[in-house]
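Given chain A's structure and the hints, the job is docking chain Y onto it.
Chains as they are written, first to last, in the working numbering: chain A, 123 to 429; chain Y, 21 to 277.
Treat the hints loosely; a few may be bogus.
Claimed, not checked - Distance windows between CB atoms, simulated: (1) A:Ala293 - Y:His230: 44 to 52 Å; (2) A:Phe397 - Y:Gly170: 30 to 38 Å; (3) A:Leu250 - Y:Arg149: 56 to 64 Å; (4) Y:Cys139 - A:Leu215: 14 to 22 Å; (5) A:Ile239 - Y:Cys139: 52 to 60 Å; (6) A:Phe413 - Y:Gly166: 24 to 32 Å; (7) Y:Gln247 - A:Arg426: 31 to 39 Å; (8) Y:Lys112 - A:Arg269: 54 to 62 Å.
Claimed, not checked - Below are the DSS-like pairs computed for lysine-lysine, each with C-alpha atoms no more than 30 Å apart in a straight line: (9) Y:Lys207 - Y:Lys112; (10) A:Lys225 - Y:Lys207; (11) A:Lys423 - A:Lys124; (12) Y:Lys112 - Y:Lys167; (13) Y:Lys207 - Y:Lys233; (14) A:Lys423 - Y:Lys167; (15) Y:Lys207 - Y:Lys167; (16) A:Lys423 - Y:Lys112; (17) A:Lys124 - Y:Lys167.
As the list claims (entries may be wrong) - Where chain Y lies over chain A, by a calculated footprint (3+ residues, C-beta under 8 Å): (18) 300–311; (19) 317–323.
By construction, these hints were calculated from the structure, which means they are not laboratory data.
C-beta: ideal position from N, C-alpha, C; glycine also.
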Amino acid sequence: MKTLAWAIAALVLATVPLIFGDRYILHIGTMVGIMTTVALSLHLMMRIGQLSFAQVAFMGIGAYASALLTMRLGFPTALSFLCAGLLAALLALLIGPLFLRIKGVYFVLLTFAFSQIVNLVFQDWTSLFGGNNGLFGIPKMALFGYRLTAASHYYCLAAVLAAVTYLTVRAIRRSDIGTVLSALDENEALGRSLGLDALSWRVGIFTVTAFFAGLAGSVYAHYLGFLSPPAFSFWTSVDAIVMNVIGGMATPLGPVIGAILLVPLPELLRDAKQFQLLAYAAILIVFLLFFRDGIVGYLAKRQRATS
Amino acid sequence: MTAGLTLAGVSRNFGGLRAVSDMSFETARGEIFGVIGPNGAGKTTLFNVIAGVHPASDGRISFYGKEITGSRSDRVSRLGIARTFQATNVFKEESVSENLRRGALFGEIHSPLAFLRRCFAGRAPAATRPDIDEIAAFIGLADQMGKPAGSLAYGLQKILGVGMALMQRPRLMLMDEPAAGLNPTEKTVMAALIARLRDERGIDVLVVEHDMKLIMSICDRILVVRQGCRIALGTPEAIQADQAVIEAYLGADYEFA
Numbered sequence: 123m124k125t126l127a128w129a130i131a132a133l134v135l136a137t138v139p140l141i142f143g144d145r146y147i148l149h150i151g152t153m154v155g156i157m158t159t160v161a162l163s164l165h166l167m168m169r170i171g172q173l174s175f176a177q178v179a180f181m182g183i184g185a186y187a188s189a190l191l192t193m194r195l196g197f198p199t200a201l202s203f204l205c206a207g208l209l210a211a212l213l214a215l216l217i218g219p220l221f222l223r224i225k226g227v228y229f230v231l232l233t234f235a236f237s238q239i240v241n242l243v244f245q246d247w248t249s250l251f252g253g254n255n256g257l258f259g260i261p262k263m264a265l266f267g268y269r270l271t272a273a274s275h276y277y278c279l280a281a282v283l284a285a286v287t288y289l290t291v292r293a294i295r296r297s298d299i300g301t302v303l304s305a306l307d308e309n310e311a312l313g314r315s316l317g318l319d320a321l322s323w324r325v326g327i328f329t330v331t332a333f334f335a336g337l338a339g340s341v342y343a344h345y346l347g348f349l350s351p352p353a354f355s356f357w358t359s360v361d362a363i364v365m366n367v368i369g370g371m372a373t374p375l376g377p378v379i380g381a382i383l384l385v386p387l388p389e390l391l392r393d394a395k396q397f398q399l400l401a402y403a404a405i406l407i408v409f410l411l412f413f414r415d416g417i418v419g420y421l422a423k424r425q426r427a428t429s
Numbered sequence: 021m022t023a024g025l026t027l028a029g030v031s032r033n034f035g036g037l038r039a040v041s042d043m044s045f046e047t048a049r050g051e052i053f054g055v056i057g058p059n060g061a062g063k064t065t066l067f068n069v070i071a072g073v074h075p076a077s078d079g080r081i082s083f084y085g086k087e088i089t090g091s092r093s094d095r096v097s098r099l100g101i102a103r104t105f106q107a108t109n110v111f112k113e114e115s116v117s118e119n120l121r122r123g124a125l126f127g128e129i130h131s132p133l134a135f136l137r138r139c140f141a142g143r144a145p146a147a148t149r150p151d152i153d154e155i156a157a158f159i160g161l162a163d164q165m166g167k168p169a170g171s172l173a174y175g176l177q178k179i180l181g182v183g184m185a186l187m188q189r190p191r192l193m194l195m196d197e198p199a200a201g202l203n204p205t206e207k208t209v210m211a212a213l214i215a216r217l218r219d220e221r222g223i224d225v226l227v228v229e230h231d232m233k234l235i236m237s238i239c240d241r242i243l244v245v246r247q248g249c250r251i252a253l254g255t256p257e258a259i260q261a262d263q264a265v266i267e268a269y270l271g272a273d274y275e276f277a
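Bound-form chain A, shown alone (with noise of 0.2 Å):
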């Protein structure tokens, strides 16, 4: 009963950017549900205690997947933008059983490097990539015969593949691999006594975390017409942490509430850019030091008090 009343009040709010049909906040809309994606698929990765750059990679990798697929092969774009995601899963597939041998600070520094080194591909690689120069010309999608073209389009594909990777994540987190996943974050030497192949889980998670990325960045392409790398360099995973950090990581409710208040953050200062960098400190300050477990927490834990 109470999910259903849930349910519906995300439906309701969901379909306010459809009735202003504004396409400035239609295009708001549209990143929020992008970000949420990207979000979504490091808030997995951070359950397992692993803070990763490469999701925001993965995303491009998706990204520019899709576009050079679907304009140099001639894919259907529902063809390409399936092929994002199954890319770049395949990528953390390959990479995942070197990469998550390692942890801490020491697996947040390799993912920053992969991350680097997939955007330095994207820039320096021209005549596949367009370099810093873009890629321009991405066609629109068309699913099912049908062709997006409008604003709404992407904003309601966006909010559907939003709202699929927060159910899949919040499922994945209810059912026994949640369990698996705590037991990584909390005692790994534990699980591991009582038969866990802790790698493997990893890289299942890293693998399945790849895919919603690549899902988000071949939208983002596709929506855009156009790509440049610094779409998805070192700035766009620290948006992603701090979505995760504001919203809160206890529930995959976090990183949603997270790309809800933050991505148009911008657009809201726009008007005084200069003190936007500023804005985005202060709010993380504030957060870091009095609302460590994020808003999901906090009102969590308000709950708990008035109950």
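For chain Y alone, coordinates are given in the frame of chain A:
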């Protein structure tokens, strides 16, 4: 005598240090096998080599005819060798019953592929409610099931560790200093529990322990280790009478209580 765990010439080096040196022994089916030795003798290293935490530098280990040399701890566990830890090691935030459930769950869905296989085979989970209740009753924690494991007394947390290991349905239980940190009453309970593992559930036990009284009272045979080497192996009576053991390990004047 059926050989259970078999070590043949097992060594383990850490850099230049040889922590375990050319160790060979066999445990028998249904045996409680003790390992003793002074601090730094290499008992814990030996334990970790068997449990797959550290690979052996040399030699071979097998278990009921199956080669396990070089297997990682999770695989060793799935082959029927469970272990307990020297300090308490439980999922502190989770309830006692959830801790027990995890004991069986993690072996069953040890990897994503195993999880998918379970989904498609539609098999019933390994840890059913009656299994968990049965083990809880066996270890005497049936009335603590809902409590967070971290809130239990130290001794009970160690008992819970034995229960989690039992949930794996092992053939052999490796126990790393089960009595360490326990008060005399708890030690008695633990000693009785170890004996019941073998008597009531037919599990072989290999126990590393400092407490002489406990080791002498429950073990069928005892291995004495010093500086990584085996210096004696025999029944408690034989070990207590072994002059080399008394001199090397306990000091010439020591008398067994």
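- prompt: In ascending order, which of the hints set out earlier in this document are inconsistent with the structure?
  reply: As far as the earlier hints go, 2, 5, 7 and 10 are violated by this structure, in ascending order.
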